[in-house]
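2 protein chains.
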Amino acid sequence: MLYLIGLGLGDAKDITVKGLEVVRRCSRVYLEAYTSVLTVGKEALEEFYGRKLILADREEVEQEADNIFKDADVSDVAFLVVGDPFGATTHSDLILRATKLGIPYQVIHNASIMNAVGCCGLQLYRFGETVSIVFWTDTWRPESFFDKVKRNRANGMHTLCLLDIKVKEQSLENLIRGRKIYEPPRYMSVNQAAQQLLEIVQNHRARGEEPAITEETLCVGLARVGAEDQKIAAGTLQQMCTVSLGEPLHSLVITGGNLHPLEMEMLSLFSIPESQSTDGL
Amino acid sequence: MLYLIGLGLGDAKDITVKGLEVVRRCSRVYLEAYTSVLTVGKEALEEFYGRKLILADREEVEQEADNIFKDADVSDVAFLVVGDPFGATTHSDLILRATKLGIPYQVIHNASIMNAVGCCGLQLYRFGETVSIVFWTDTWRPESFFDKVKRNRANGMHTLCLLDIKVKEQSLENLIRGRKIYEPPRYMSVNQAAQQLLEIVQNHRARGEEPAITEETLCVGLARVGAEDQKIAAGTLQQMCTVSLGEPLHSLVITGGNLHPLEMEMLSLFSIPESQSTDGL
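Quick mapping for you: the protein sequence lines, in order, are chains A and B. If you read the first sequence in the UniProt record's numbering, its first letter stands for residue 1, the second for the next number, and so on. If you read the second sequence in the UniProt record's numbering, its first letter stands for residue 1, the second for the next number, and so on.
In this list, chains with the same sequence are indistinguishable; a pair is considered to hold if it fits within one copy or across any two.
In silico DSS-like cross-links for lysine-lysine, where the CA-CA straight-line distance does not exceed 25 angstroms:
hint : residue 1 : residue 2
1    : 42        : 52
2    : 231       : 100
3    : 168       : 180
4    : 13        : 52
5    : 13        : 231
6    : 42        : 231
7    : 180       : 166
8    : 42        : 13
It should be emphasised that the hints constitute simulated quantities derived from the structure, not laboratory data.
Looking at chain A on its own, in the form it has when it is part of the complex (with noise of 0.2 angstroms):
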């Protein structure tokens, strides 16, 4: 049996119950780590769930599959997902080589931060589509994500922005030399993600459009969602560029306008102090 096996999105014990008494019994458990992380490392899990781990990066599961299939078939191997297994990032590529391969599997969900999101008071069914902000370079500026959170808040929607992370990246040069060499992991704030939406945002004046968004759009930067130090701050995207909320996994939320007067309450609680609106800029 394949177990594809949902974290959650804090450490080591918000793993389920039943998560957990799987990955104790399984003869190999291997942990994606490229798409998302836990403030905890590996070593942590493997100490809180008592059984070493098998790191398995992009390449392990897009193209060395067959080593997480072997032997499957007659014994339980488990796939541990930060989040859900199904949530931001979705496994059914594994999930349909399985079943080609006649191995059974079985979901054990979690919380992702689609779902977990909800904490900031935002109601989850006023949620458009999802969007991916990508590190920008200086060749590679990409805008084309801008449409979704346009057409979200003309349909008074939400927009969830996962903002991107870089794992086990080669440099150029180290990848033309077949150098397995990899760069430091970096994971976008919600300053970098608000100061290219802005630049976005000039650039849509710049061409005499009428932006989707401004300074003044309400948003929700998010931090370790689930942790014990999780962050939420509720002000303008302008604010964002410069709020202090520590280190990753961040998410930003772009409201869609006309908000229930719960959720209003709910951004309250997490509204950035006057004073530190000005912070750094």
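Starting from the structure of chain A, add chain B where the hints point.
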């Protein structure tokens, strides 16, 4: 401290390890039981948690929250919610009231139908606004949610339909006479939801309007998501009228059209066999 703890979707062991530790040390533990149900009852939860649970029905939470908050500033109180505390139903009203009383709170997240629905293979970020389908009566047959389905489909988005639950409802006579006698609980099935949807489609046609969906629209019925005996069936809306999914809870997804190839492939794992498509017709 007030703890809001998600129980997940299946049985007693779907609580997180962190949640279980909190439940076992709290002075009082409430179980919210009017917006959803687990496949196991209160007794099974009590046995596994080793704690007595106080059922918190709608009246209790809306009118007598003071009981829940009693001494929560000096001791720990847990409020258990099937799924996630901010999933299909938000409990932000409890948090706002606690905050006003100076009671700190903490949320322990879990899977909810809002993210676990991803197990059918449809990608979560392609879901638009979630709708609720309520039981029709002879005199109350609301169709207004259908506009949201239409808007979602126009944008290529899937629609998660949450199906009505009637728990602890009084008959009109008992309500008038002030008798606290409750009707047996009722849970809408995928069959019933599909039949109501088909009536709406026919009403639109009768008014000369083009309905947003037809008998042939691809839908997904889900039952007891996260439980051992979970069932998923993909087929036309017409097939959803007769597909056999067993006990509650049921949910229905109306696809947005233009499925991603990976979505199609996943749905094919759950397609209703031809031979079943005329069952009961």
